[in-house]
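Asker: Using the sequences plus the hints, can you model the full thing?
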Amino acid sequence: QILVEDYIGLTAEEAAGKLKNEKIQFEIMGDGDIVINQLPMSGSKIYEKTGKIILYTTNNAEDIKITTVPDLVGKTPQEANIILSYNKLNIKLEGSTNYKVGDSVRVVSQYPSAGEQIRVGDTVTVYLMHTDEREWYEA
1 QILVEDYIGL TAEEAAGKLK NEKIQFEIMG DGDIVINQLP MSGSKIYEKT
51 GKIILYTTNN AEDIKITTVP DLVGKTPQEA NIILSYNKLN IKLEGSTNYK
101 VGDSVRVVSQ YPSAGEQIRV GDTVTVYLMH TDEREWYEA
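With our numbering, you'll find the sequence shown wraps up at 139, consecutive numbering, no jumps.
Hints should not be assumed to be uniformly reliable.
Said to hold, decoys possible - Calculated pairs, BS3-like style, for lysine-lysine (alpha carbon to alpha carbon, straight line, at most 27 angstroms):
1. Lys18 - Lys49
2. Lys92 - Lys18
3. Lys88 - Lys75
4. Lys49 - Lys65
Because the hints were derived from the structure by calculation, they are not lab data. Source: prediction; values computed, not measured.
Answerer: Have a look at this one:
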């Protein structure tokens, strides 16, 4: 398997050139010059011989939607996922992922940081740790 790169923001020609050099199958959707979205998203893995990347294009750079990363520190994984989904962002969990609903697992840090501007559809990585719930409410 190979790791999918980020092609959003590149011209369709630049993205196609990179994909051809890597010998990755791809398809360009739309008539535009600028890649505004891709499937699968960067960071995903695809099979080298059978995987395919679809690039969505536009002629208007303003079609690239930007959002502000919310503050997730202190939230449960479920709360963080709901907040990110509401903001049209994806979540990646790192750290203590072996938990049950109601367990005292909390987000202790995140990347990108709260307040940063990122594209709609991007992924926010949250780092989880088992904690004593009282710590979060006493702080």
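Asker: Now tell me if each hint is right for this structure.
Answerer: To see whether the hints hold, each was checked on the structure:
1. Lys18 - Lys49: Given pair Lys18, Lys49 holds - Cα atoms ~16 angstroms apart, limit 27 angstroms.
2. Lys92 - Lys18: Roughly 26 angstroms separates the two Cα atoms, so the pair holds.
3. Lys88 - Lys75: Within the cut-off at roughly 18 angstroms; holds.
4. Lys49 - Lys65: Since the Cα atoms of Lys49 and Lys65 sit roughly 32 angstroms apart, the hinted pair is violated (cutoff 27 angstroms).
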